[in-house]
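Enquirer: Sequence:
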Amino acid sequence: MQATARLEEWMRRTQLKMNLKQKLIGSFAVVLLFMGILGLTDMVRMKNMKQDMTEIAQNWMVGTQLIQEFSYLTEHFAKDLVGVNNQKDASVKLELTRDIQATISKGDKAINSYGNSLADEEDEKNYNMILEQWGNLKSNYLKYSKATDEIELIRLYDELTQSYNFVQTISRKMVAFNQQGADESVEKNAAAYRSSIISGISLLIVAILLSVAITWVIVRNITRPVIAASHVLVRMAEGDLTASELRFSNKDEIGVLVQAVNGMIRQMRDVMARMQESSSAVASSSEQLYASSEQNSEASQHVAVDIQTIATEAETQRINALECARAMDEITIGVQRIAETTSDVSDLSVHASEQARKGQADVQHVTMSMNALSSAVTQANQTILQLAEHSQNIGKVSQMIGEIATQTNLLALNAAIEAARAGEAGKGFAVVAEEVRKLATQTGESVGAIRGVVTNIQKDTQEAVKAMDAGLVEVQKGLQSVDRTELSFQAIVRSADEVASKIQETAAAAQQMAASSQQVAATVTNMEHVAKITSELSQSVAGATEEQLASSQEVTSSSQMLASIAQDLQDVINTYKMH
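Quick note, our numbering runs 1 ahead of the 1-based positions in the sequence shown.
There's no promise every hint is true.
[Unchecked claim] Result set (DSSO-like, lysine-lysine): computed pairs, CA atoms no more than 27 Å apart in a straight line:
| id | residue 1 | residue 2 |
| --- | --- | --- |
| 1 | 80 | 144 |
| 2 | 174 | 139 |
| 3 | 147 | 94 |
| 4 | 89 | 147 |
| 5 | 110 | 80 |
| 6 | 80 | 94 |
| 7 | 144 | 110 |
| 8 | 126 | 147 |
| 9 | 107 | 80 |
| 10 | 110 | 147 |
Hints listed in this document are in silico derivations from the structure and should not be mistaken for laboratory results.
Assemble the whole structure, with the sequences as input and the hints as a guide.
Expert: Given below as structure tokens:
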């Protein structure tokens, strides 16, 4: 906790000179630095592990492979030597001798290659011993291959056996040495890997903890002023202006926000204080004005009520009479227009009925034409089907002709062969057979062309049949539509006749209404003239009184509204706490 506190204090002092962007970039830079250190450490350890693996692959594994190969070659050498010693056949002995020479050459190559990668003094000592015994083995074999005395051969064979056993013993020892070295290198590499894992995890934990600490300090340095400012703003929104100013010394964007909140608090307090003083003065003046205007309004109200009643009643009577006269005039005009329009509509309905009958007749003609078209399309479709059958027959005939041409060609070929056998006597017959064969070939080619034409005709015929079928379907649909249209025209004719009859009855009634409305309009005009005279006399008396009353009411209303506004403003100001 003390370390975290010291870190927070150091970062607070450092961050006072940094803006928000620099703080965030700095925190990310520190995290990236630790991640880079962790990655570099892992790379160094991986390099060491690679070197250990290279040593295992290039030294210990290669040495083991070479010494095992050398041990196998010595065993092969001993096997061939036993064969030479026991074999009586000279050719087999010669083959075994050659094999021994090749084995010695491979053994020299293997043991010399092993000498290029000696690990330490012990490995060098074993190498020198096996190299010495290998030399003895080769020299004894050379003597053995040249000796002729039986006793000498037995002695040399025993020495060869002893040298072979010694070489095998040292080979096994060297194999065990290389395997032990490889195992030690593997264990060393495993230990290095475990150490790398432990140290990597430790560095990673340290980096995570340090990153968390830095992030916590930065977030706390940012959120504390923001939370404090939000609390102050919430209190101001609730009407509490008694909050103390914020005390933060940040030099970044958060500091600018804190200073702006402090300035807003001071400005709001000043504005609300001045508004409170002004609202109090307005409320006092509006109350005095309202009292004076209320007294004047009451005095004018009593005088205006009676006069206004008379004027209102007279004006209402005049307006009603005027509206009634206008309405009667409009009714008279409307009835006349209805009579005229009804007469015109009657003529138009008769004309429409005649046009509907003509349309019905036209539809019947269209129906006949569509039926004829349907019959023609059906007949054309049948004709095209017949054409398709004829084209198929033509195809069969052309196929038959092609087969005949093929047989003729074969017969002409047979005839030419027979003419050739006949020699000089069959030359004329050969010429005729050749001409017949050419004619059969041309016939076959023509038949092929005819087949192509017939095939195209069949394709076109099939497409025409499909098109005619589609056209026949559309014609059937058209016939159905024409039938429905004919039924619709029949209904239209019936409806038009009924409408014409009703319109004629309406025209007669409209003419009677026009005559009656003219008489009523004359009576209403006389009533409107009397009401107008009465209204003018009442208005001249009530004019002055209404003007005075209106002025008083406006003053009263304005003063009352001003008092209400002042009270509302005072209530709003009182919602804020400033002390």
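Enquirer: Need the status of pair residue 126, residue 147: alpha-carbon distance at most 27 Å?
Expert: violated, 32 Å
Enquirer: Measure nothing beyond the straight line between the CA atoms of residue 80 and residue 94; if it is 27 Å or shorter, mark the hint as holding.
Expert: Distance ~13 Å between residue 80 and residue 94 Cα, so the pair holds.
Enquirer: Given the hint that residue 174 pairs with residue 139, does the C-alpha gap stay at or below 27 Å?
Expert: Distance of about 21 Å is within 27 Å: holds.
Enquirer: Straight-line Cα separation of residue 89 and residue 147 no greater than 27 Å?
Expert: holds, 17 Å
Enquirer: For the pair supplied as a hint, residue 110 and residue 80, confirm whether the alpha-carbon distance does not exceed 27 Å.
Expert: holds, 20 Å
Enquirer: Hinted pair, alpha-carbon criterion (27 Å max): residue 107, residue 80. Please report holds or violated.
Expert: This hinted pair holds, its Cα atoms lying about 15 Å apart.
Enquirer: Residue 144 and residue 110 were given as a pair; does the straight-line alpha-carbon distance stay at or below 27 Å?
Expert: Satisfied, since the Cα-Cα distance of roughly 22 Å is no more than 27 Å.
Enquirer: Hint check: residue 147 vs residue 94, CA-CA at most 27 Å. Holds or violated?
Expert: Status holds; Cα separation ~14 Å.
Enquirer: What's the verdict on residue 110 and residue 147, does the C-alpha distance respect the 27 Å limit or exceed it?
Expert: It holds: about 24 Å lies between the C-alpha atoms, which stays within 27 Å.
Enquirer: Within 27 Å, alpha carbon to alpha carbon, are residue 80 and residue 144?
Expert: Holds. Residue 80 to residue 144 sits at ~18 Å (cutoff 27 Å).
Of the hints listed earlier, the one the structure fails to meet is number 8.
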